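Chains as they are written, first to last, in my numbering: chain A, 1 to 155; chain B, 1 to 155; chain C, 1 to 155; chain D, 1 to 155; chain E, 1 to 155.
These are calculated hints, taken from the structure and not from any lab test. This structure is a prediction, so every number in the text was calculated from the model and none was measured. Incorrect hints may appear among the rest.
Repeated chains share a single entry, so a pair holds when one copy, or any two copies, can fit it.
[To be verified] Quick list of in silico lysine to any residue cross-link-like pairs, SDA-like style, CA-CA up to 25 angstroms:
| no. | residue 1 | residue 2 |
| --- | --- | --- |
| 1 | Lys-123 | Asp-72 |
| 2 | Lys-109 | Glu-33 |
| 3 | Lys-23 | His-100 |
| 4 | Lys-68 | Glu-103 |
| 5 | Lys-111 | Ile-154 |
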Amino acid sequence: MMRKYGVADTTFSRVDMGSIAIKTINKEDSDAEILRYTVPGIKDLPVAAKKLIEEGCNGVITLGWVGKTMLDKYSYLAASIGLITVQILTSTHVIDVTVHEDEADSEEKLKQIAIDRASKHAKNLVLLVKEGKNALTPYAGKGLRQGYNNAGPID
Amino acid sequence: MMRKYGVADTTFSRVDMGSIAIKTINKEDSDAEILRYTVPGIKDLPVAAKKLIEEGCNGVITLGWVGKTMLDKYSYLAASIGLITVQILTSTHVIDVTVHEDEADSEEKLKQIAIDRASKHAKNLVLLVKEGKNALTPYAGKGLRQGYNNAGPID
Amino acid sequence: MMRKYGVADTTFSRVDMGSIAIKTINKEDSDAEILRYTVPGIKDLPVAAKKLIEEGCNGVITLGWVGKTMLDKYSYLAASIGLITVQILTSTHVIDVTVHEDEADSEEKLKQIAIDRASKHAKNLVLLVKEGKNALTPYAGKGLRQGYNNAGPID
Amino acid sequence: MMRKYGVADTTFSRVDMGSIAIKTINKEDSDAEILRYTVPGIKDLPVAAKKLIEEGCNGVITLGWVGKTMLDKYSYLAASIGLITVQILTSTHVIDVTVHEDEADSEEKLKQIAIDRASKHAKNLVLLVKEGKNALTPYAGKGLRQGYNNAGPID
Amino acid sequence: MMRKYGVADTTFSRVDMGSIAIKTINKEDSDAEILRYTVPGIKDLPVAAKKLIEEGCNGVITLGWVGKTMLDKYSYLAASIGLITVQILTSTHVIDVTVHEDEADSEEKLKQIAIDRASKHAKNLVLLVKEGKNALTPYAGKGLRQGYNNAGPID
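Extracted from the complex, chain A is given alone in its bound form (with noise of 0.2 angstroms):
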């Protein structure tokens, strides 16, 4: 059966990581249908991942970039919320890349992380949804980092 993954991005990111989402995903599963849908900013990723999984879409996962103000901040958490609110209503996984500007010194090393979590997700998300609630169970408790190195199990 093919599967139907969706990629929100936005053009407000400085990072094209939706192309990155796309790439590991088509890497990671071989069947994969994907449904692009690329919005202003992160404020409306959430109706784009509903509308992606009124699609048909399986999971969604979405790619937003956020700015360095206390503003920024309090529309990271709306956007969340949001996000959350749609996979609970659709009982749909969408995986919530963000990349916060303030998480670097230099835009080489912010570029780096938005390349690592954004593929780390995506992984993460065709996991779940080829698999299932078991397909990370191995890695429980590890730790694992998205953006960064692992900071692995305590002892």
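Chain A is fixed; fit chains B, C, D and E onto it per the hints.
What follows is chains B, C, D and E alone, placed relative to chain A:
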């Protein structure tokens, strides 16, 4: 097919962004029908957007103005959550234009931000309503900004 | 056609804004029927508004009073989200009048703010209920304020 | 007609406010049937209130206790939003009694606040359930406080 | 009658709290059937809980791990609101275990908190699912703590 757009603005705002949005929509879509809804402040925008969608709008732009205090920011957060909820429940875009009084030192600069942001986001709305989910994809990850100069992509 | 208005107020408030709102509504709309609902505090206002709408109110005004502490502000945020949710679910305006105890140094000034805000917003409610979405459009972008002097438009 | 009241409390609380609420309700309403629901902490109160209402309660009082850290306050915010959502979805009052550990310096004072707040709000609940939306109107704008002395009206 | 429990955990966590919860549930309820769902991080827990309930779970425990930054705390707030929403919509308990990396100075202490909190709350879940709303009433107001020593009741 004629497309119906909703424009929701406030009496609290110090710039008539509603008129700017209407002018832009008419310029970008010659088949546009536009409904306007004016409310006192940002916390009244979600229900206005909801009602505009119930009257058949295919997409809505809201134009909010936010004061400088912490309480104004909490109101912004509540309104943002509400606008996202409206979108999720109706599967319709509500592009949220907000100008914060502490974004600039001078009134002149504030007004420039308001004009630029309202017109750019009105264009975004028309593109999404007319052409759908891939209309903005050529700009994905391009670091577009509304109210300011574009940040551009990294590299 | 007689119009039905809801007025929801609290025993926490130090000014009887409910009576001010009722007086104003009666003055502005000679065909008004008014239902009043008094609750302990702001977190009880959303359900009061919901119930007033279920009893047939075409619009509701809520009159809240908020203390000075951070906890009071979190309660304000939760109540604001709730009031917006009620509006979204019922497609009915709930105009939210809130006075914060830290808005002014003297009790006299606080009372003036409360009276001005409650009466101005009661007028807004009547206009929206009686005349609909374009009633306030002549004032769009005019920098109107409730509780204070109008800021006015820029330029 | 017998009225059914719900009392939801927590094991986290350091004062048995549930018993105080039950005693007060029985004193204020001789026809009261009372259901009690005890959960670990404040974030479990919304579902307890929802279930009590589903079992036929005409109104619910929840009795929460909140620690001193910022995280405790975020939990308070999430729980408050949840309690308001339950009320909106069921059109039923859920009077929310919360004691914050940083409200007082001594345990004795905290206990006094808890007892005063729980009993006063239990009375409020009975009045709203028995007599409806105008039961508290004589006290509108009177500056009533629970846990502290009344502030009183201005002027 | 066999009872079905859901255990939702994350790969972000640095302690395998899911296994601790499963072990505890099996010890406390010999008729337990347990479904496990592992997701990347806390913002994925609400949909996991929702899906576990849809698969027939009578109650769910979620096991989250939260970083030290303000952004991590906003994610915690969004996830908490989501978990409460799931409970309200399904009328089912989702006991929320969260460990914050800034709760302790050493990894060893963090791990102790995680183990204590996960096992105590797993017991709470079994009690609520097996015996219902009065199972915890003997401990109401007793100042119980998970992850730390009990605070105890005042007086």
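Hint-by-hint comparison with the structure:
1. Lys-123 to Asp-72: For Lys-123 and Asp-72, the Cα distance is within 25 angstroms only across copies (22 angstroms; inside one copy 28 angstroms).
2. Lys-109 to Glu-33: neither (31 angstroms within a copy, 46 angstroms between copies)
3. Lys-23 to His-100: within (22 angstroms within a copy, 34 angstroms between copies)
4. Lys-68 to Glu-103: For Lys-68 and Glu-103, both the intra-copy (9 angstroms) and inter-copy (13 angstroms) Cα distances are at most 25 angstroms.
5. Lys-111 to Ile-154: between (29 angstroms within a copy, 7 angstroms between copies)
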